[in-house]
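Chain by chain, the residues run as shown.
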Amino acid sequence: MTAAKVNRIATGPRTGVRFGDLLRLGLFGLRTRPTRVLLSALGIAIGIAAMVAVVGLGSSSRAQLTGVLDRLGTNVLAVSPGKSLTGDTIPLPATAVGQVGRVPGVLESAGTGLVVGAHVYRTDKIPTLQTKGLDVRAAFGDLPGVLRARFVSGGWLREPGPSEAATAGSFGSPSEVVLGHGAATALGIDRVTGAERVWIGGSWWSVVGILEPLTLAPDLDSSAFVPVAAATSRLGFDGAPTQISARADPERLDGVRTLLPRAANPAVEAGATVSRPSDALEAQRASEASFTGLLLGLGLVALLVGGIGVANTMVITVLERRAEIGVRRALGARRRNIRDQFLIESLLLALLGGACGVVLGAVVTVIFAVAQGWPPTVPVWAVAGGLGSTVVIGGLSGIYPASRAASVPPTSALAAA
Amino acid sequence: MNGPVLDLRQISKSYGDTRVLHSIDLTVTAGEMLAIVGPSGSGKSTMLNIMGTLDRPTSGSLSVAGHSVDHLSDDGLAELRALHIGFVFQHFHLAAGATAVENVADGLLYSGVERAERRRRAAEALERVGLSHRLTHRPPMLSGGEKQRVAIARAIVRNPSVLLADEPTGALDSASGANVLAVLRELNADGTTVVVITHDRDLAGALPRSVRMLDGHLSPAPLEPTGLPR
Ligand SMILES: Nc1ncnc2c1ncn2[C@@H]1O[C@H](COP(=O)(O)OP(=O)(O)OP(=O)(O)O)[C@@H](O)[C@H]1O
Ligand SMILES: [Mg+2]
Numbered sequence: 010m011t012a013a014k015v016n017r018i019a020t021g022p023r024t025g026v027r028f029g030d031l032l033r034l035g036l037f038g039l040r041t042r043p044t045r046v047l048l049s050a051l052g053i054a055i056g057i058a059a060m061v062a063v064v065g066l067g068s069s070s071r072a073q074l075t076g077v078l079d080r081l082g083t084n085v086l087a088v089s090p091g092k093s094l095t096g097d098t099i100p101l102p103a104t105a106v107g108q109v110g111r112v113p114g115v116l117e118s119a120g121t122g123l124v125v126g127a128h129v130y131r132t133d134k135i136p137t138l139q140t141k142g143l144d145v146r147a148a149f150g151d152l153p154g155v156l157r158a159r160f161v162s163g164g165w166l167r168e169p170g171p172s173e174a175a176t177a178g179s180f181g182s183p184s185e186v187v188l189g190h191g192a193a194t195a196l197g198i199d200r201v202t203g204a205e206r207v208w209i210g211g212s213w214w215s216v217v218g219i220l221e222p223l224t225l226a227p228d229l230d231s232s233a234f235v236p237v238a239a240a241t242s243r244l245g246f247d248g249a250p251t252q253i254s255a256r257a258d259p260e261r262l263d264g265v266r267t268l269l270p271r272a273a274n275p276a277v278e279a280g281a282t283v284s285r286p287s288d289a290l291e292a293q294r295a296s297e298a299s300f301t302g303l304l305l306g307l308g309l310v311a312l313l314v315g316g317i318g319v320a321n322t323m324v325i326t327v328l329e330r331r332a333e334i335g336v337r338r339a340l341g342a343r344r345r346n347i348r349d350q351f352l353i354e355s356l357l358l359a360l361l362g363g364a365c366g367v368v369l370g371a372v373v374t375v376i377f378a379v380a381q382g383w384p385p386t387v388p389v390w391a392v393a394g395g396l397g398s399t400v401v402i403g404g405l406s407g408i409y410p411a412s413r414a415a416s417v418p419p420t421s422a423l424a425a426a
Numbered sequence: 063m064n065g066p067v068l069d070l071r072q073i074s075k076s077y078g079d080t081r082v083l084h085s086i087d088l089t090v091t092a093g094e095m096l097a098i099v100g101p102s103g104s105g106k107s108t109m110l111n112i113m114g115t116l117d118r119p120t121s122g123s124l125s126v127a128g129h130s131v132d133h134l135s136d137d138g139l140a141e142l143r144a145l146h147i148g149f150v151f152q153h154f155h156l157a158a159g160a161t162a163v164e165n166v167a168d169g170l171l172y173s174g175v176e177r178a179e180r181r182r183r184a185a186e187a188l189e190r191v192g193l194s195h196r197l198t199h200r201p202p203m204l205s206g207g208e209k210q211r212v213a214i215a216r217a218i219v220r221n222p223s224v225l226l227a228d229e230p231t232g233a234l235d236s237a238s239g240a241n242v243l244a245v246l247r248e249l250n251a252d253g254t255t256v257v258v259i260t261h262d263r264d265l266a267g268a269l270p271r272s273v274r275m276l277d278g279h280l281s282p283a284p285l286e287p288t289g290l291p292r
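Same order as they appear, the protein sequences are chains A and B. Sequence positions in the first sequence follow the working numbering and run 10 to 426. Sequence positions in the second sequence follow the working numbering and run 63 to 292.
None of these hints come from the bench; they were simulated from the model. C-beta: ideal position from N, C-alpha, C; glycine also. Take the hints with a grain of salt, since some may be wrong.
To be verified - Computed beta-carbon distance windows for the label pairs: (1) A:412 with B:123: 27 to 33 Å; (2) A:404 with B:198: 31 to 37 Å; (3) B:178 with A:412: 29 to 35 Å; (4) B:198 with A:412: 32 to 38 Å; (5) A:412 with B:221: 57 to 63 Å; (6) A:404 with B:186: 37 to 43 Å.
As the list claims (entries may be wrong) - Derived list of chain A stretches under chain B, where covered just means 3 residues or more per stretch with a C-beta under 8 Å from a C-beta of chain B: (7) 330-344; (8) 410-422.
Generate the whole structure from the sequences, applying the supplied hints.
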């Protein structure tokens, strides 16, 4: 015998099986049992898909919200009438919108006043009681401008000139009305051509604009907006605004906030309350995050079940392949070569499921996000996390079967028929 | 060239209280071809497993190619097999999804040989067993005798010091069996040491040396037609 052979035995460990060869063995092992492999990868795939989709949809909706907040700004403050100690609403003075606009740091302001008892109908034939919950509001100033609202169709009420203001209430000249998004939907009007009319307070009003949903003032979506002068003369509006929106200099927001109640209602202590509508959106974002946590937990459970499926498949595989293991041991494989082979196979099996799951989750995210009008977002960390947890699952599921495989005795090839 | 490739000294093997091998002494010298015959259950496979270091004896000592294996670790035994011992099994044990070349190349997987070199040497080994026209066939497309020749190629691709075959013709019809035995004899003629367990009395009789196993005892007695049950 050659000296080289003698020395190799004497010097002990030789470089083991190359990683590339182990990968090839693992892939080969999987390829020979496609049905079982697909079924057990499916478990992992579902778990990962669920997690990726949950994260993807969460971040898509957050991206949407962030985009909305970027556009709308977080510097809008809402002023509403205060409540007395007895719980009665303290009306704001008719001049409140202008007073709020004069507070230093307020960039623009607008408001609406609910016209009590007035409702909007599609035609004059509709019974009076069928209000559909739609109300009528007198509009002070450029409300869509302050709220950065967009129009589905048409535009805002024209600022009446002095002569117009005088004649606005005169009989026979139909006044203008703008419909909130909800109101337009309820009335079945989806665009403005100039011919659309609605029936308010016993006369016709021509629709000049339809708003998109008011994200910063959702309460106003089911309202019809009319000019203050027309509301006063034709609908008996009392002149008191019931809601004011003010856009403030972002740097001075806190200062403005403390000044607003007094400016809106100087006569009464605590005669007005101030809130920040964008806070509600932020809160919604936070609650979505906790919901995401719950769904992620469910995905994790699915993943765990998938991992058990992989372990189960691998144990069966090892039982079936005792002869193969025996042959490999006879060919000179060490225990750890066998262990590595089955560990890699388990990892690949899980990774296969994981990769399918990531793709599936991404597809689901894109489909749902697009359907919701959200910008589809699949965070890289979710993909990496999905694949990473797959590797962990595959590794953990593989440990036991791989150690079973490593302890199959070398005589198994001869023993097995 | 004529040192002992296998040297068994007082090898015994028991399973629990059952003694399967009784103090076997046997030396196989390099270049020889030895047949082991004997009735079923007599301990032939057990002895072959021990010779091939797949199993450890209960007592006694063994050296393979000059190395005493009695104190080798499990990894040491694996390395010894990778370098010195080739196995051929009755049921071939080929990977059904892999081609003949891939199956044979697996014989070098644990010997630290590069993949391209493994395939090159696998093709060579297949040529030696007369299968150079079947390189890319998969086992299901091969006859029984061809499968066994692929398995033999896998065993000799490492140029082992000794080739151990446990009833290599046991699953074959007689024509294929004769063919496989012819391959083994050619390999032996080219210098490979071969130990083969066989029920084939003709083969055993034709070989220069055969030993008989009976109830765990080895007798060097040459074969005579005594009508023992096979
Ligand atoms: N793992 C084991 N545990 C217990 N007994 C065993 C084991 N392996 C083999 N034996 C016993 O050892 C004896 C010899 O078995 P062995 O397989 O060596 O016989 P053999 O000569 O190869 O027979 P055959 O010609 O049928 O292959 C038998 O009685 C068998 O039952
Ligand atoms: Mg046997």
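Verification of the supplied hints:
1. A:412 with B:123: 27 to 33 Å: 31 Å, holds
2. A:404 with B:198: 31 to 37 Å: 35 Å, holds
3. B:178 with A:412: 29 to 35 Å: 32 Å, holds
4. B:198 with A:412: 32 to 38 Å: 36 Å, holds
5. A:412 with B:221: 57 to 63 Å: Distance hint for residue 412 (chain A), residue 221 (chain B) is violated at roughly 33 Å.
6. A:404 with B:186: 37 to 43 Å: 39 Å, holds
7. 330-344: n = 12 at 8 Å, threshold three: holds.
8. 410-422: holds (count 4)
Comparing the model with each earlier hint shows a violation of hint 5 alone; every other hint is respected.
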